[in-house]
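Enquirer: If you're matching them up, the sequences are chains A and B in order.
3 is the number of the first residue of the first sequence in the numbering used here; add one for each residue after it.
137 is the number of the first residue of the second sequence in the numbering used here; add one for each residue after it.
Careful: at least some of the hints might be erroneous.
What the hints assert, rightly or not - Here are the simulated distance ranges between beta carbons:
#1 201/A with 335/B: 53 to 61 Å
#2 9/A with 403/B: 21 to 29 Å
#3 16/A with 347/B: 46 to 54 Å
#4 137/A with 384/B: 28 to 36 Å
Read the hints as simulated data drawn from the structure, not as lab findings.
Glycine is no exception: its CB is placed at the ideal position from the N, C-alpha and C atoms.
This is what each chain is made of:
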Amino acid sequence: MVSDTSRLGFYLLLAPILLWLIVLIILPHIGLFIVSISEKIGPREYETGFDNYAAFFTEPLYWRTFARTAIMSILATALTLILGFPIAYYIAKLTRGRTKTTLFLMCMIPFWVSELVRTFGWMILLRETGVISNALQYLGLIDGPVEMLYNDAAIMVGLVYTSILFMVVPLVTTLDSLDDSLIEAGYDLGGTSTSIMREIVIPHAMPGIVSGCIVVFMLSLGNYLTPILLGGKDSLWFTGMIYTQFITRFNWELGSAFGFLLLALSSLVVFAGLKLSRQSLTETMGRT
Amino acid sequence: MIPTVPQPAFAKWCYRAYVTAFFVYLALPLTVVCVFAFNNSVFPSLPWEGFTLAWFFGTETPFIGVFHERAIIRSIGTSAFVAMWVSGLAVAVGTCNAFLFVRHDFRGKGLLYMLMLLPLIIPGVILGISILVFSSSVANTLEDATGLWFDGLRPGLILVILGQFSFITTFATLVISARLQKFDPSLEEAALNLGASKWGAIRQITLPFLLPAIVASAVVSVLMSFENFNTTLMLVGSDSPLTITMFDKLKQGSTPVLNAVSLLLIMISAALGMMSLLFQSRKR
C-alpha cells in the first residue's frame with residue numbers, strides 16, 4: 003500500500019516538527035533541569051546536587067514569594083471568573099445577531115493590543131498624578147492626591163484586565179451551545195433563577211469554566227509585566243525573582259531551579275484541572 | 137434569565153448597568169493612553185495643557201515626536217524584522233504539521249500532538265530561560281571544542297526569533313489544521329485522475345484552499361511576535377525590539393512619546409486583528 007514517495011513525503015513532514023520540538027522545547031527543558039541540579043564549586047566547576055532547591059526551601063523570601071504568587075494567581079482567576087461569567091452569559095444568551103458580534107469584538111480589541119500598552123494605561127489612571135486621583139479630587143471625595151499604584155490591589159486590577167478575555171471567550175462558546183429551551187423547561191418545572199443557574203447553566207458551562215480558569219491561572223502565574231509595573235519594586239512576583247537571578251545576579255543555577263519550580267506548579271494545576279473535569283489537553287486547548 | 141422568560145425590570149436594569157460598567161473598564165486604559173498622546177505637556181498626566189501633535193511630529197527637545205525619535209524607530213525596525221522571520225517560519229512549519237496530523241496516521245501520533253500543544257502551557261519566561269540556558273551551554277561546548285566564536289547562540293535576535301517561533305508555531309498549526317480538516321479529499325483525487333502529479337495537485341488545489349488560514353495565521357503570528365514580551369525579555373541582546381525599548385523607557389519615567397507609540401500600536405493591532413478575523417470568516 004505505502005509507496006516509496008509517500009514514505010518520503012511522510013518523513014519530510016515529520017522532520018520540521020521533530021526538529022522544532024526536540025531542539026527548542028525538549029532539549030532546552032532537560033538542559034534547564036540539569037543546570038538547576040548543579041552547584042558551583044569554583045570557576046567553571048560544577049557538582050551535581052540539590053542545593054539550589056534546598057536554598058529555595060530554607061530561604062523564607064523565596065518560598066514566600068512563590069506562595070504569594072500562587073495565591074494571588076488563584077485569587078485573580080476566581081475574580082476573573084466571577085466578573086467574566088455574567089458578561090459571557092449576557093453575550094451568549096441575551097443578545098443576538100449584530101449586537102452579539104459587536105459586543106464580542108469590543109471584548110477582543112483590547113487583547114490585540116500589547117500588554118505593555120494596557121499596563122501603561124493603568125499606570126496613567128492609577129498613579130498619584132493620575133486620572134482617577136484627579137477625578138476624585140475634582141469631585142471633592144478626597145483632599146490631596148492619592149497614590150493607587152504599587153500595591154496588591156493595583157496588581158489584581160491589572161491581572162484581571164489582562165486575562166479576562168481568556169475567560170470570556172471559552173465561556174461564550176460553551177454557553178452558546180446551551181439550548182434556550184432547556185432553561186425554559188427549568189422554569190416550566192418550577193425552578194427559580196438560582197436553581198436553574200446551579201443545576202442547568204453552570205454544569206453545562208463547566209468545560210468552558212475549566213479551560214478559562216486553567217488559561218487565566220497560567221497567564222497570571224507567568225506574568226512579568228503587570229506585577230512589575232503596577233506593583234513596583236516590592237511586587238515580589240516569582241517571575242521577577244527568576245529575572246533577577248538570571249540577568250542581575252547572574253546565578254543561573256538558582257534561577258533554573260526557580261524556573262523549574264514555577265513550571266512544575268503551572269503544569270500541576272493544568273493537569274489537576276483537566277483530571278477534575280475529565281477533559282484532555284487536546285480538547286481544552288483546541289477550544290481557546 | 138433568557139429573553140423569553142420575563143424578569144423584573146430592576147434586575148434587568150442592574151444587569152445592563154453591570155455590562156456597561158464592564159465595557160467602560162475595558163475601554164478606559166486604552167482611551168487614556170490615546171488621549172494623552174495629544175497632551176501638550178512633558179508628562180502623560182493631568183492637567184490638560186492643550187492639544188498638540190508634537191509627540192508625533194515634533195523635532196525640538198523636549199518635544200521629540202515618535203517619527204524623529206531614533207531609538208523607537210530603530211526598535212520598530214527590529215520588531216518588524218523579527219516578526220517577518222517568526223511569521224514565515226511558523227507558517228511554514230505549521231503547514232507541514234497540519235498535513236502531518238490531518239493526512240497521516242502513525243504510531244505515537246497522539247503523543248506528538250500533545251507535545252505540539254505543550255508550548256501553550258509553558259510560561260513564556262520559562263521558555264525564554266530554557267532556550268537561553270541550552271543555547272549558552274551549546275555555545276560554550278562548541279567554543280571549547282573549536283576555539284571559534286558562536287555569537288549567534290548568545291542572547292540576540294536569532295535567539296529572540298527562535299524563542300518566539302517555539303510557541304507561535306503551535307497557534308499556526310492549530311489554525312491551519314482546522315482548515316485542512318474541512319478540505320474534501322475527493323477534489324485532490326479528481327486532480328490526480330485528470331493527470332496531475334501529487335505535488336501539482338497539492339499546489340494547485342489544496343494550498344489555494346488553505347490560503348485564508350495561512351494568511352490569517354501569518355497575520356496573527358506577526359501580531360503575537362510584535363507584542364511578545366516575556367520570552368523576548370530573557371533572550372534579547374543589544375538590539376531590542378519595540379516592547380523591550382518601551383519597557384525600558386517606561387521604567388525610567390515616561391513622556392507622552394510612549395502614548396504616541398502606543399496609539400500607533402493600538403491602531404495597527406486593531407487593523408491586523410480585524411484582518412485575521414476577516415480572513416478566517418471567509419473560510420465558510
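Enquirer: Could you work out which earlier hints the structure fails to respect and list their numbers in ascending sequence?
Expert: 2, 3
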